[in-house]
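Listed below, chain by chain, are the residues.
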Amino acid sequence: MDWGAVVAGLLTLAIYSFLYRDNPVYKFAESLLIGLSIGYALVTFWQTAILDKLLQPLFQQGQLLLAVPLILGLLMFSRFSRRLSWLSRIPLALMIGAGAGAAIPAMLYERTLRQVSNSIQPLVTSDSQFNFSGLVVLAGLLSTLAYFYFSREHKGFLGGVAKIGTYFMMVFFGATFGYTVMSRMSTLIGRIDFLLTDFLHYLQ
Amino acid sequence: MNSQRTRWAIFASLFALMVISYTITLKWKIPTSPYIQKSYEFINSLPPSSVVIVSFDHEASSLPEIQPISHIILRHLFSRNQRIIGMSLFAEGTAIGYQTLNKLANEYGKKYGEDYVFLGFKPQHIAAILGMGESIKQVFPQDYLGNYSTEIPIMQGVENYQQIAAVISLADGDRTVQWIEYTGKKHGLKILGGFTAAMITTYDPYLSSGQLYSAIGGIVGAAEYEGVLGLPGKGNRALLSQTAAHLFIVLLVIVGNIAYFRKRRGEK
Chain A
0 MDWGAVVAGL LTLAIYSFLY RDNPVYKFAE SLLIGLSIGY ALVTFWQTAI LDKLLQPLFQ
60 QGQLLLAVPL ILGLLMFSRF SRRLSWLSRI PLALMIGAGA GAAIPAMLYE RTLRQVSNSI
120 QPLVTSDSQF NFSGLVVLAG LLSTLAYFYF SREHKGFLGG VAKIGTYFMM VFFGATFGYT
180 VMSRMSTLIG RIDFLLTDFL HYLQ
Chain B
0 MNSQRTRWAI FASLFALMVI SYTITLKWKI PTSPYIQKSY EFINSLPPSS VVIVSFDHEA
60 SSLPEIQPIS HIILRHLFSR NQRIIGMSLF AEGTAIGYQT LNKLANEYGK KYGEDYVFLG
120 FKPQHIAAIL GMGESIKQVF PQDYLGNYST EIPIMQGVEN YQQIAAVISL ADGDRTVQWI
180 EYTGKKHGLK ILGGFTAAMI TTYDPYLSSG QLYSAIGGIV GAAEYEGVLG LPGKGNRALL
240 SQTAAHLFIV LLVIVGNIAY FRKRRGEK
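First to last, the protein sequences are chains A and B. With the first letter of the first sequence counted as 1, position 93 gets the number 92 in numbering that gives the first Met the number 0; the numbers rise by one all the way through. With the first letter of the second sequence counted as 1, position 71 gets the number 70 in numbering that gives the first Met the number 0; the numbers rise by one all the way through.
Any given hint could turn out to be false.
[Claimed, not checked] Reference listing, derived: stretches of chain A covered by chain B, where coverage requires no fewer than 3 residues with Cβ under 8 Å from a Cβ of chain B: (1) 36–46; (2) 101–113; (3) 167–178; (4) 189–202.
The hints are simulated quantities; they were obtained by calculation from the structure and are not laboratory data. Since this is a predicted model, take the numbers as computed values, not measurements. We put the beta carbon where it would ideally sit given N, CA and C, even for glycine.
Please take these sequences and the hints and turn them into a complete structure.
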């Protein structure tokens, strides 16, 4: 008997018991899930980051330069002291600076410029065909931007365009919600599959 | 019927409908969408023994939806004798990735270290993605099992992204965006994605701009891929259940609207 599957099956049923009402069995399973997730993540972080990348290279292989990130990391804990908390700004500033330095060029190009350039499409294609989707993109882009333009009151022409923008957004939200419902159903199907195959052995 | 009873009736009917439809096996032809075809053709076009990174960038909660995608992708890669470097940018994805790779590798008689390897997890995902552009072995000095990367046969000659044919990110969040932003253009690397259905609209702009090469979305995507590959699996089986659930929800929306308008007319 696969005891792992039995435990997982019972815990799945314990979680679904919430559909009846909030109860101690559900609470136990939920707490166990959260505790295990955090415990697993902590052990993985400790092993892959602290041990592999810091303590072993520093103390066993003598890579003394790693003392710098160790000290910077320890400075983060100075936040627990009112007198020394200002020291934590040093590693925080470095982290934010390095993060922004790495992220800004990549995001500016890949997230902003590439997306803007992709939004600008010719209305007549190279083979003299009318690009209808280009027109839809243009209308959607301008009307949605008009909705988020708050420097003028949404009345008259601007109000009309902004209203069209809300319809484009509704289409987007509808599609996103539809996909989200699909995702939730898929998750349930996954559990049904587990219960019918691994737990009950009803299906192969 | 009071609202509590209505809720019960809806949930119980939906659950029963999904369980029953899941047990029914139907053989149906699923039309292939362009991006699934593109993914399939790309993997088919890779020369044998190309090195592909498969990154398990998801957590356990999305496993039911991601697993059919990861299975069919790995089956396709292994059947084409591609070499796979597995990794994860989520702590929870680590054990999942290792187990999935081993399971599928066993199906195709592939050998750990020669045909595939699992490097494990690295925190600070942006630093890890950027670092691998310089040296994969420096970011992952050891694999998941503690073997030194320099001594693993599959890693011989693999220094950075220059030797990688593509990155396939199996994600339930926005980790693939970081693959796109930090490797795509910079290293000329093709990024393919396998996503939960809820994430598809997030990646649409990247797909249409070509920054993301192709995507497989949710159980439908997995079922389409299984269809084009001719290997029906869990995606195919789940599709009937999902279709039944959707039809039921659409029916509920229609009934709910009729009830609402009738009630409003009665109030007038």
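Hints versus structure:
Residues of the stretch 36–46 of chain A with a Cβ under 8 Å from some Cβ of chain B number 5, which satisfies the need for three, so the listed coverage holds. Closer than 8 Å: that is the beta-carbon criterion, and the stretch 101–113 of chain A has 8 residues meeting it against chain B, so the requirement of 3 holds. Only residues whose C-beta sits within less than 8 Å of a C-beta in chain B count toward coverage, and the stretch 167–178 of chain A has 4 of them, enough to reach three; the restraint holds. Check result for the stretch 189–202 of chain A against chain B: holds, 8 residues qualifying (beta carbon to beta carbon below 8 Å, three or more required).
Checked against the numbered hints above, the structure breaks none of them.
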